[in-house]
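Student: As a plain string of letters, each chain reads:
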Amino acid sequence: MSREKQVPMRQQDSDIRIHNFDEVPLGYTEEEAILEAERCLQCPNAPCVEGCPVQIDIPRFIDHIKNRRFAEAIATIKEENTLPAVCGRVCPQENQCQVVCTLGKRLEPVAIGKLERFCADWEAEHERYCPEVGKETGYRVAVIGAGPAGLTAAGDLRKLGHEVTIFELLHVAGGVLMYGIPEFRLPKEVVKREISALEEMGVKIEVNKVIGQIYTVDELLENGYNAVFIGTGAGLPRFLGVPGENLNGVYSANEFLTRTNLMRAFRFPEYDTPIKVGKCVITVGGGNVAMDSARTALRLGAKESIIVYRRSEQELPARREEVEHAKEEGIKFQLLTNPIRFIGKDGAVAGAECIRMELGEPDESGRRRPVPISGSEFTIKADTVVVAIGNGPHPLVPRTTKGLKLSQHGNIVADPKTGQTSKEGIFAGGDIVTGAATVIEAMGAGKRAAAAIDRYLKEKK
Amino acid sequence: MYTILSKMTLSSQIREYVIEAPEVARAAKLGQFIVLRLHERGERIPLTIVDADPQAGGVTIVVQEVGKSTREMGDHFHAGGSVLDFAGPLGVPSEIENYGTVICVGGGLGIAPLYPIARGLKKAGNTVIGIIGARSKDLLFYIDRMDAICDELHVMTDDGSTGRKGFTVDPLREILSSRRKIDRVWAIGPAIMMKVCAEVTREFDVPTVVSLNSIMIDGTGMCGGCRVEVGGEAKFACVDGPEFDAHKVNFDLLMSRQSFYHEEERCALDRYLAAEKEKEQREDR
Numbered sequence: 038m039s040r041e042k043q044v045p046m047r048q049q050d051s052d053i054r055i056h057n058f059d060e061v062p063l064g065y066t067e068e069e070a071i072l073e074a075e076r077c078l079q080c081p082n083a084p085c086v087e088g089c090p091v092q093i094d095i096p097r098f099i100d101h102i103k104n105r106r107f108a109e110a111i112a113t114i115k116e117e118n119t120l121p122a123v124c125g126r127v128c129p130q131e132n133q134c135q136v137v138c139t140l141g142k143r144l145e146p147v148a149i150g151k152l153e154r155f156c157a158d159w160e161a162e163h164e165r166y167c168p169e170v171g172k173e174t175g176y177r178v179a180v181i182g183a184g185p186a187g188l189t190a191a192g193d194l195r196k197l198g199h200e201v202t203i204f205e206l207l208h209v210a211g212g213v214l215m216y217g218i219p220e221f222r223l224p225k226e227v228v229k230r231e232i233s234a235l236e237e238m239g240v241k242i243e244v245n246k247v248i249g250q251i252y253t254v255d256e257l258l259e260n261g262y263n264a265v266f267i268g269t270g271a272g273l274p275r276f277l278g279v280p281g282e283n284l285n286g287v288y289s290a291n292e293f294l295t296r297t298n299l300m301r302a303f304r305f306p307e308y309d310t311p312i313k314v315g316k317c318v319i320t321v322g323g324g325n326v327a328m329d330s331a332r333t334a335l336r337l338g339a340k341e342s343i344i345v346y347r348r349s350e351q352e353l354p355a356r357r358e359e360v361e362h363a364k365e366e367g368i369k370f371q372l373l374t375n376p377i378r379f380i381g382k383d384g385a386v387a388g389a390e391c392i393r394m395e396l397g398e399p400d401e402s403g404r405r406r407p408v409p410i411s412g413s414e415f416t417i418k419a420d421t422v423v424v425a426i427g428n429g430p431h432p433l434v435p436r437t438t439k440g441l442k443l444s445q446h447g448n449i450v451a452d453p454k455t456g457q458t459s460k461e462g463i464f465a466g467g468d469i470v471t472g473a474a475t476v477i478e479a480m481g482a483g484k485r486a487a488a489a490i491d492r493y494l495k496e497k498k
Numbered sequence: 010m011y012t013i014l015s016k017m018t019l020s021s022q023i024r025e026y027v028i029e030a031p032e033v034a035r036a037a038k039l040g041q042f043i044v045l046r047l048h049e050r051g052e053r054i055p056l057t058i059v060d061a062d063p064q065a066g067g068v069t070i071v072v073q074e075v076g077k078s079t080r081e082m083g084d085h086f087h088a089g090g091s092v093l094d095f096a097g098p099l100g101v102p103s104e105i106e107n108y109g110t111v112i113c114v115g116g117g118l119g120i121a122p123l124y125p126i127a128r129g130l131k132k133a134g135n136t137v138i139g140i141i142g143a144r145s146k147d148l149l150f151y152i153d154r155m156d157a158i159c160d161e162l163h164v165m166t167d168d169g170s171t172g173r174k175g176f177t178v179d180p181l182r183e184i185l186s187s188r189r190k191i192d193r194v195w196a197i198g199p200a201i202m203m204k205v206c207a208e209v210t211r212e213f214d215v216p217t218v219v220s221l222n223s224i225m226i227d228g229t230g231m232c233g234g235c236r237v238e239v240g241g242e243a244k245f246a247c248v249d250g251p252e253f254d255a256h257k258v259n260f261d262l263l264m265s266r267q268s269f270y271h272e273e274e275r276c277a278l279d280r281y282l283a284a285e286k287e288k289e290q291r292e293d294r
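Heads up: the protein sequence lines correspond to chains Y and B, in order.
So in the numbering used here, spot 302 of the first sequence is number 339, and the numbers just go up one at a time.
So in the numbering used here, spot 91 of the second sequence is number 100, and the numbers just go up one at a time.
Just to be clear, a hint being listed does not mean it is correct.
Derived PhoX-like pairs: lysine-lysine, alpha-carbon spacing no greater than 25 Å straight-line [stated by the list, open to error]:
no., chain 1, residue 1, chain 2, residue 2
1, B, 132, B, 190
2, Y, 382, B, 257
3, Y, 340, Y, 364
4, B, 204, Y, 382
5, Y, 382, B, 244
6, Y, 439, B, 244
7, Y, 229, Y, 241
8, Y, 340, Y, 369
9, Y, 42, Y, 142
10, Y, 316, Y, 369
11, Y, 495, Y, 460
12, B, 244, Y, 313
13, Y, 439, B, 38
If you are wondering where the hints come from, they were derived from the structure by calculation, not from laboratory data.
Keep in mind that this is a model prediction, so the values were computed, not measured.
The shape of chain Y in the complex, shown without the other chains:
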């Protein structure tokens, strides 16, 4: 086998998968994983470790795979990463560990993400590795929100011997991993498996707990918790603010995906929550959430699924892999286009009036600013619209925590190195601090905050 290219991962054919919600990439076999692991140069400076937001010892776990020591491989990953089965699937490795891979300078980089996923899936079929939990410290930490940031912080704090309780608003733990990312990209059983591993370590998870209402963050500190980590995420969907946006059939991506993933509307009426999807679906936006929505629409029966994005293909913020998957499935891309109004018929959306855009000077994000071309208006027929242009901070905890310093957008202000907020004993991380970002960045923030909380508790003593 040539070292030039990654060992490809088998995947479901696109004409079959658009009719089901099963996972698209099917995983490596042991032999495939070993072949791919053999590509790793084991370079001493290991730039990949620096590229990983949670600094997994990548060369070491790959070396274990190469030598068929799969149990040791997963144990190595789990030293640093609480959610390997998730990260192996949804991390943008191409911008992190793999972009700095030495092999990647000349050939394709090692498929680190695929190998990570292999290890986690191998573990699911064999004996579970439960990380060692340190001696009980007697300290109690409350974690608010059971998404990637909260789960990671909780796992790390528990490993250090602290008593950890996660309070989750929804009826299941997992946050965006459960309500947002679709089944075909991240099976919910995989998420549940990772969460049950945390529970096995002794992390307590309480669902249906509306922190901010049943207890404020200050009350948690008064009621016996020694520190609090806030990881409540970016939950509040943004809309375009154009006429017709409240017509029936116009969804936020959050609603569209929550109905489908969390409430399992794709199995209505077996499950009670319905979802209505028309023949032609427009998804506005260019990120991973937009790709997820457009691909979900196809699986829910749409005949045509179109991404409408105001910049060009080059600027699409979605992972390349997701864009490719979307294209394979027949998603159409209407680029350099922005909706200016939704057209209604009998209260329901019937189309979008759009305007063509061109790219001007770079804006503060460094990307070229899209500028409308006057007189270029045209209409796209659609009976469903999904608005996937991002989310603001979830308002419940920031609104109810007195004296907590917030940014002008309502995000919690926290030290990026430690997660320390403006109030003693209160730490925060993930999308509630940074605004919508990636799963792994939230996990990195959870990890740094856990270390900082540990130091804080010990210093306080």
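Based on these hints, arrange chain B on the given structure of chain Y.
Tutor: Positioned in the frame of chain Y, the structure of chain B alone reads:
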């Protein structure tokens, strides 16, 4: 799991449940709501908190059996049993103060959330005029409770089967026309009732509060499915409401959005009823 402490039939379609949820009971404020889910395949059902007993840990809710989930709850969820999920309190509490004289209008199931607000207003020192109504006698409830706290109570039914024949807006208009000084109106009920009440109170320039029951999924600010137009701006009923200034609400949009899933709701209910019937026949055999 959340234990059902008691279940009481208020009318042919309407039942009152007390659910054990001590943390919710302790924190609940007037005008807030909870979300409950019956079982693993259930939908998230938003329901206004009618009463909360911090000592006993019970939260009172009232359910009208109109769709699949609410029928199922009435048929199969009894005292001593439990519901799977129960989260709250959610939403912004009502602003209760001594306004002077207030009118509290409740229509149909809306009487349930109205009652504690009327009681709160009375406790705050207001003179409270109650107007409650329903399509017919068998959909009317809480008459005695409202009577006990209101200084004056008007009972209406569309068909005249009890109280006066007519709509809740009729006495509202009469009272406002009589030039009595009314400082504030609360109107909670079907969207169309709230709309006509808002139109009348606008004429007389009386500040009016409505509680909006738009379709929700999570009920916590995440999906935006409950968005309503208030003063030309999109607001989320779950985190910005559920109470809003009635004179700024676009009720036509609310009604349109409420009806979006009628077909699916019908399908789910028919399927449930058919399965229930089949079960019954099997048991008979």
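Student: Each of the hints needs a verdict: does it hold here or not?
Tutor: Comparing the hints with the structure gives:
Pair hint residue 132/B plus residue 190/B holds up; C-alpha atoms about 20 Å apart against a cutoff of 25 Å. Between residue 382/Y and residue 257/B the alpha-carbon distance is near 24 Å, which keeps this suggested pair within the 25 Å criterion. Restraint check for residue 340/Y and residue 364/Y: satisfied, since their Cα atoms lie roughly 14 Å apart, inside the 25 Å limit. Of the pairs offered as hints, the one joining residue 204/B and residue 382/Y holds, with about 22 Å between alpha carbons and a cut-off of 25 Å not exceeded.
For the hint pairing residue 382/Y with residue 244/B, the CA-to-CA distance comes to about 23 Å; that is within 25 Å, so the pair holds. Among the hinted pairs, residue 439/Y with residue 244/B is consistent with the structure: their alpha-carbon atoms are about 23 Å apart, no more than 25 Å. Pair hint residue 229/Y plus residue 241/Y holds up; C-alpha atoms about 14 Å apart against a cutoff of 25 Å. Only pairs whose Cα atoms come within 25 Å are accepted, and residue 340/Y paired with residue 369/Y is accepted, the gap being roughly 11 Å.
For a cut-off of 25 Å, the pair hint linking residue 42/Y to residue 142/Y stands: about 12 Å separates their Cα positions. Among the hinted pairs, residue 316/Y with residue 369/Y is consistent with the structure: their alpha-carbon atoms are about 14 Å apart, no more than 25 Å. As the CA atoms of residue 495/Y and residue 460/Y are separated by approximately 18 Å, the hinted pair is consistent with the 25 Å bound. Taking the CA atoms of residue 244/B and residue 313/Y, the gap is near 22 Å; set against the 25 Å cutoff, the hint holds.
For the hint linking residue 439/Y to residue 38/B, the alpha-carbon distance of about 19 Å falls within 25 Å, and the restraint holds.
Checked against the numbered hints given earlier, this structure breaks none of them.
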